[in-house]
Amino acid sequence: MSYIYEDYDVVVIGAGHAGCEAALACARLSLNTIIFTVSMDSVALMPCNPNIGGTSKGHLVREIDALGGEMGKNIDKTYIQSRMLNLSKGPAVHSLRAQADKMDYSNSMRKVLENTPNLTLKQAEIIDILVEDGKVKGVKTYSGAIYPCKAVILCTGTYLNARCIYGDTVHETGPNGLQSALYLTESLKKLGIEMFRFKTGTPARIDKRTIDFTKMEEQKGDEKIVPFSFINRGEDIQKEQVSCWLTYTTPKTHEIVQENIHRSPLFSGDIKGTGARYCPSIEDKVVRFPDRDRHQVFIEPEGNYTNEMYISGLSSSLPEDVQVRMYRSVPGLEKAEIVRNAYAIEYDCINPAQLKPTLEIRNIEGFFSAGQFNGSSGYEEAAAQGLMAGINASMKLLGKEPVVLDRSEAYIGVLIDDLITKETMEPYRMMTSRAEYRLLLRQDNADLRLTKIGYQVGLIDKERYQAVVNKEETIRKEIKRLESTVIGAKSEVQELLKSLNSSPLTTASTLADLIRRPELNYEVLKTIDTQREDLPDDVIEQVNINIKYDGYIERQKRQVEQFRKQENKKIPENLDYDMIPSLRIEAKQKLNKFKPVSIGQASRISGVSPADISVLLVYLMQYNSKESSAIRKEYRNGI
Amino acid sequence: MKSDTIAAIATGNSSAGISIIRISGDKAFPAIDRIYRHKNGRKKISNMKSHTIHYGFIVDGNEVIDEVMVTIMKAPSTYTREDVVEINCHGGIVVTRKILEAVLKQDIRLAEPGEFTKRAFLNGRIDLSQAEAVCDIINAKNEIALKNSLNQLRGREKTIIETIRKSILRDVAYIEAALDDPENFTLEGFADDLKSHLKLNCKAIDELIKSSKNGKLIKEGIKTVILGKPNAGKSSLLNILVKEDRAIVTDIAGTTRDTLEETIRLNDITLNIIDTAGIRNTDDVIEKIGVEKAIKLSQDADLILYVIDSSRALDENDDRILALIEDKNAILLLNKSDLRPVVTPNDIKDKSNHPIIITSFLDYRGVEELELLIKEKFFEGSLTIHEDIYITNDRHLEAFNNALNSLRMVEDSVNKQMPEDFYSIDLMAAYEELGKILGENLSEDLINMIFSEFCMGK
Numbered sequence: 001m002s003y004i005y006e007d008y009d010v011v012v013i014g015a016g017h018a019g020c021e022a023a024l025a026c027a028r029l030s031l032n033t034i035i036f037t038v039s040m041d042s043v044a045l046m047p048c049n050p051n052i053g054g055t056s057k058g059h060l061v062r063e064i065d066a067l068g069g070e071m072g073k074n075i076d077k078t079y080i081q082s083r084m085l086n087l088s089k090g091p092a093v094h095s096l097r098a099q100a101d102k103m104d105y106s107n108s109m110r111k112v113l114e115n116t117p118n119l120t121l122k123q124a125e126i127i128d129i130l131v132e133d134g135k136v137k138g139v140k141t142y143s144g145a146i147y148p149c150k151a152v153i154l155c156t157g158t159y160l161n162a163r164c165i166y167g168d169t170v171h172e173t174g175p176n177g178l179q180s181a182l183y184l185t186e187s188l189k190k191l192g193i194e195m196f197r198f199k200t201g202t203p204a205r206i207d208k209r210t211i212d213f214t215k216m217e218e219q220k221g222d223e224k225i226v227p228f229s230f231i232n233r234g235e236d237i238q239k240e241q242v243s244c245w246l247t248y249t250t251p252k253t254h255e256i257v258q259e260n261i262h263r264s265p266l267f268s269g270d271i272k273g274t275g276a277r278y279c280p281s282i283e284d285k286v287v288r289f290p291d292r293d294r295h296q297v298f299i300e301p302e303g304n305y306t307n308e309m310y311i312s313g314l315s316s317s318l319p320e321d322v323q324v325r326m327y328r329s330v331p332g333l334e335k336a337e338i339v340r341n342a343y344a345i346e347y348d349c350i351n352p353a354q355l356k357p358t359l360e361i362r363n364i365e366g367f368f369s370a371g372q373f374n375g376s377s378g379y380e381e382a383a384a385q386g387l388m389a390g391i392n393a394s395m396k397l398l399g400k401e402p403v404v405l406d407r408s409e410a411y412i413g414v415l416i417d418d419l420i421t422k423e424t425m426e427p428y429r430m431m432t433s434r435a436e437y438r439l440l441l442r443q444d445n446a447d448l449r450l451t452k453i454g455y456q457v458g459l460i461d462k463e464r465y466q467a468v469v470n471k472e473e474t475i476r477k478e479i480k481r482l483e484s485t486v487i488g489a490k491s492e493v494q495e496l497l498k499s500l501n502s503s504p505l506t507t508a509s510t511l512a513d514l515i516r517r518p519e520l521n522y523e524v525l526k527t528i529d530t531q532r533e534d535l536p537d538d539v540i541e542q543v544n545i546n547i548k549y550d551g552y553i554e555r556q557k558r559q560v561e562q563f564r565k566q567e568n569k570k571i572p573e574n575l576d577y578d579m580i581p582s583l584r585i586e587a588k589q590k591l592n593k594f595k596p597v598s599i600g601q602a603s604r605i606s607g608v609s610p611a612d613i614s615v616l617l618v619y620l621m622q623y624n625s626k627e628s629s630a631i632r633k634e635y636r637n638g639i
Numbered sequence: 001m002k003s004d005t006i007a008a009i010a011t012g013n014s015s016a017g018i019s020i021i022r023i024s025g026d027k028a029f030p031a032i033d034r035i036y037r038h039k040n041g042r043k044k045i046s047n048m049k050s051h052t053i054h055y056g057f058i059v060d061g062n063e064v065i066d067e068v069m070v071t072i073m074k075a076p077s078t079y080t081r082e083d084v085v086e087i088n089c090h091g092g093i094v095v096t097r098k099i100l101e102a103v104l105k106q107d108i109r110l111a112e113p114g115e116f117t118k119r120a121f122l123n124g125r126i127d128l129s130q131a132e133a134v135c136d137i138i139n140a141k142n143e144i145a146l147k148n149s150l151n152q153l154r155g156r157e158k159t160i161i162e163t164i165r166k167s168i169l170r171d172v173a174y175i176e177a178a179l180d181d182p183e184n185f186t187l188e189g190f191a192d193d194l195k196s197h198l199k200l201n202c203k204a205i206d207e208l209i210k211s212s213k214n215g216k217l218i219k220e221g222i223k224t225v226i227l228g229k230p231n232a233g234k235s236s237l238l239n240i241l242v243k244e245d246r247a248i249v250t251d252i253a254g255t256t257r258d259t260l261e262e263t264i265r266l267n268d269i270t271l272n273i274i275d276t277a278g279i280r281n282t283d284d285v286i287e288k289i290g291v292e293k294a295i296k297l298s299q300d301a302d303l304i305l306y307v308i309d310s311s312r313a314l315d316e317n318d319d320r321i322l323a324l325i326e327d328k329n330a331i332l333l334l335n336k337s338d339l340r341p342v343v344t345p346n347d348i349k350d351k352s353n354h355p356i357i358i359t360s361f362l363d364y365r366g367v368e369e370l371e372l373l374i375k376e377k378f379f380e381g382s383l384t385i386h387e388d389i390y391i392t393n394d395r396h397l398e399a400f401n402n403a404l405n406s407l408r409m410v411e412d413s414v415n416k417q418m419p420e421d422f423y424s425i426d427l428m429a430a431y432e433e434l435g436k437i438l439g440e441n442l443s444e445d446l447i448n449m450i451f452s453e454f455c456m457g458k
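Here the protein sequences come in this chain order: A and B. Numbering-wise (the working numbering), the first sequence opens with residue 1 and increments by one. Numbering-wise (the working numbering), the second sequence opens with residue 1 and increments by one.
Any given hint might turn out to be false.
As the list claims (entries may be wrong) - With a straight-line Cα cutoff of 20 Å, these simulated EDC-like cross-link-like pairs (lysine to aspartate or glutamate) come out:
1. A:Lys89 - B:Glu188
2. A:Lys89 - B:Asp193
3. B:Lys44 - B:Asp26
4. B:Lys328 - B:Glu371
5. B:Lys195 - B:Asp206
6. B:Lys416 - A:Glu519
7. A:Lys89 - B:Glu183
8. B:Lys416 - A:Asp513
Said to hold, decoys possible - Derived, one-sided and incomplete: chain B residues facing chain A with beta-carbon distance under 7 Å:
9. Lys118
10. Leu179
11. Pro182
12. Gln417
13. Pro419
It should be emphasised that the hints constitute simulated quantities derived from the structure, not laboratory data. Beta carbons are placed, not taken as given, at the ideal position from N, Cα and C, and that holds for glycine.
The shape of chain A in the complex, shown without the other chains:
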């Protein structure tokens, strides 16, 4: 029997990393919000790796923070080790990664949810999405309670029809043995939503007391840590850190895998889902790269509350008896006691080509989705989508303009654009190589890029916004000063240059030109820069980067200008591409499938050629003939 329980503005389904951000965003924007989880103990659960951030994912977390999301703050509270990766490379690829205390992370996020006004956290399984006339009307729980609402944000992660598998052992559960969601897929299919089946996997957890760390390399955290959140200062959250450990697989490991490969469900065909190439199981690695004589294995603590250690690099779906032998063939793990087995997990997710850039499902008004359910992989990717889905559901209910970040503004923009534009046939992981304007999208300037947007949305307060505006001004002034301060070839200058292995000046030079030399930077010129004021570290960082790499940065900015022109040429939502006779058939099919919102997005769809784009432009001119002169003007530019 079903009955009406209570009205809400927004219902969020799933309290993982996407769901938490989505629900917090809506509630903070004053919408009456309820968030459902299958278990109160799985809020912001980290069922796989015990860390947040990493290459390009760290960028996402900082962007989430600049927009007013929670992930950065939560990991700053609960980290147990922190490192900035790629420091020997350019600033664009520096990436922050922190090991989390999993329990602490989960509890801390739960506390935030529980204490946010307008937000209700509830344990229940949703089995049906109620839709009338193409609009979301509410959701129904397993127990029959109906919650009428104006918007739904679906963040079911890996729970839909989930199966956990190793060898021929199958558990019909979600991750960590949690109950899976068995009914929702049917409801979604009835609504005409196209589903995919993806897989992912996780390695075993091993009892710390049974590991011989003397056979491994220790990996310590950074001495001086950098916080994820822009509201924190490093010195305020500095703490004693735990270590991770590095060891390697051996030929014996590979032999065990090879000999038992037929017992892996990945190869026997028991697993139908598509896995992410970025997260290969040890079976994948051994089969695909037979020439590699060893692979890295990182031993990472799950938290301070437990002896469990996460065995990164050795995810597997081999049978239990093989797993034990396989893990024990790794130096330092000879006597390892497995606490939890490695397993592969299969789950239902959506074909993200059905989403608008706002993460609203195209044919159902008010129905948003985010996270692993959208075909991504990773906590950070999920959180980023959750935040954007939350923001856009709120904007819709508040009658405001949607917020869509483009590829030149944020990794979040790249992530969502890729998801909805490319035919991603595997769980999508963020990578720096996916961001074509990455010199501009650095983790160090996420606040300068996005705080204003967070402020306009209403998730960032005035004080924080003003601080960013002031920071911007300070940076601008300092760069100007350095560009115009001329230094003569005085003896103290020459001596300093000599001591830094830099060639002496032959004529006068600006301070900025000296900073541009590869061997020099802002800091080391302090003694010859007499007018320098004391500036905060984050300002100095920006000044240094912007001067040192200004040639490249300017070039990317010019590319972005071209890119924006194409993005600004909008395509009407209901355009039927079959009506455009000169388009090639393949282009028609692809365009009808993806329904791009702009000429720019259309041009990124594989199978749509530059000639098709020209044809489309010409057609749109005719289509828009009523306002032709204005639109002509807009379209003419840059063609």
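Please arrange chain B on chain A, whose structure you already have, making use of the hints.
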């Protein structure tokens, strides 16, 4: 922000009559001012009244390229509604292309296929009701351009481009793998590897540029291919066509060394005759080099002269060739009519619709008839030069130059000890430029290469 200025040869590259180079956009007038000289010395043509035509010279630096008539048309009463300049010059391909080159040096780029029409439309010059026709033009021209681009590449060139691209992509993939999985891949010492790859790739592109420039000379005229089995008389035909009162304009051995190209003029028509030279005094074109060669040659040809030895019976090779040239512009020559014929025109009429001429190169029988037929075909318009081929060549050159510049920028970044992530930007730019020639777009090449070549991730 304004759109850029474009130029292209607006007429066919036929050697008869005149050719027109059209320029459209803001920079059209400044450009023509720099390369146009009035006969009385320097006179700014852009100050003249719109829609007037002027006699003068086009110069490239100090070199006078040609005497010309230049039409200037100021926006908006022009085909594209932009400033338009049209240079009317003497028809020769070499001259026309030289003028185009001089124009392109003025910060002007080569027009995309159908781009003048596209601009005319987007700027409101062409009525909206004709949108469909405009779409068709753009689409058709693009298809031709892409086809030509691939046809124009010699097999070896294509292989070289593909090799360079693969080498570039692999380097980028390695850099990116190391950026995304820094604990697994190190970039230490990579700069040295990259430098040596860059050196090789730059050299290879440089050679492509050189051969592409040579190619321009070779390809003048109506591309005429003589096909035939050994001893059918193709060499004699070539000699007859080249000899006597007809001047040999050039005589350049092809870069692949197995073809010889002779350029002759038949009255006003330039024929560029290609014979399989290396095969002449050795062996059978069919057996030795194979039908492949004939396929390749006849694909690009404007005109095919198929010489058949009528004193010998037809075999399956003839059938294959006849099938091959079925849709081409071809003339069949039943040669050696001085001997007792085994093959008659009726035998061939069943297999082919092409016109047949009975010839004997010993006593010049049928040669005049052949020449008349070629002239007739040309003047009635059924025989034309593939003008797009010349433009294609320019496009290739543009892409090669852009790719080379990008690789040089990478070299510069390496020398300046920039961090490795900066290299990817220009490496990918070079990769994309070279891809334009092959008609390939970027899509997921890089990501796929990263995952297929390197064991990424945990």
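Hint check:
For the hint linking Lys89 (chain A) to Glu188 (chain B), the alpha-carbon distance of about 11 Å falls within 20 Å, and the restraint holds. Our distance criterion of 20 Å between C-alpha atoms is met by Lys89 (chain A) and Asp193 (chain B), whose separation comes to about 17 Å. The straight-line distance between the Cα atoms of Lys44 (chain B) and Asp26 (chain B) is roughly 16 Å, inside the 20 Å bound, and the hint therefore holds. About 18 Å separates the Cα atoms of Lys328 (chain B) and Glu371 (chain B), which keeps this hinted pair within 20 Å; it holds.
At roughly 16 Å between alpha-carbon atoms, Lys195 (chain B) and Asp206 (chain B) fall within 20 Å of each other, so this suggested pair holds. A distance of roughly 10 Å separates the Cα atoms of Lys416 (chain B) and Glu519 (chain A); the hinted pair therefore holds under the 20 Å criterion. Under the criterion of a C-alpha separation no larger than 20 Å, the hint pairing Lys89 (chain A) with Glu183 (chain B) is consistent with the structure, at around 13 Å. With a CA separation close to 14 Å, the supplied pair Lys416 (chain B) and Asp513 (chain A) stays within the 20 Å bound.
Of the supplied interface hints, the one on Lys118 (chain B) holds, with its beta-carbon coming within about 6 Å of a beta-carbon of chain A, less than 7 Å. About 5 Å separates the beta-carbon of Leu179 (chain B) from the nearest beta-carbon of chain A, less than 7 Å, and the hint is met. Proximity of Pro182 (chain B) to chain A holds as hinted, the smallest CB-CB distance being about 5 Å (cut-off 7 Å). The restraint placing Gln417 (chain B) at the interface with chain A holds, with a minimum CB-CB distance near 4 Å, inside the 7 Å limit.
A least Cβ separation of about 3 Å between Pro419 (chain B) and chain A falls short of the 7 Å threshold, and the interface hint therefore holds.
Going down the numbered hints, you'll see the structure goes against none, and every one checks out.
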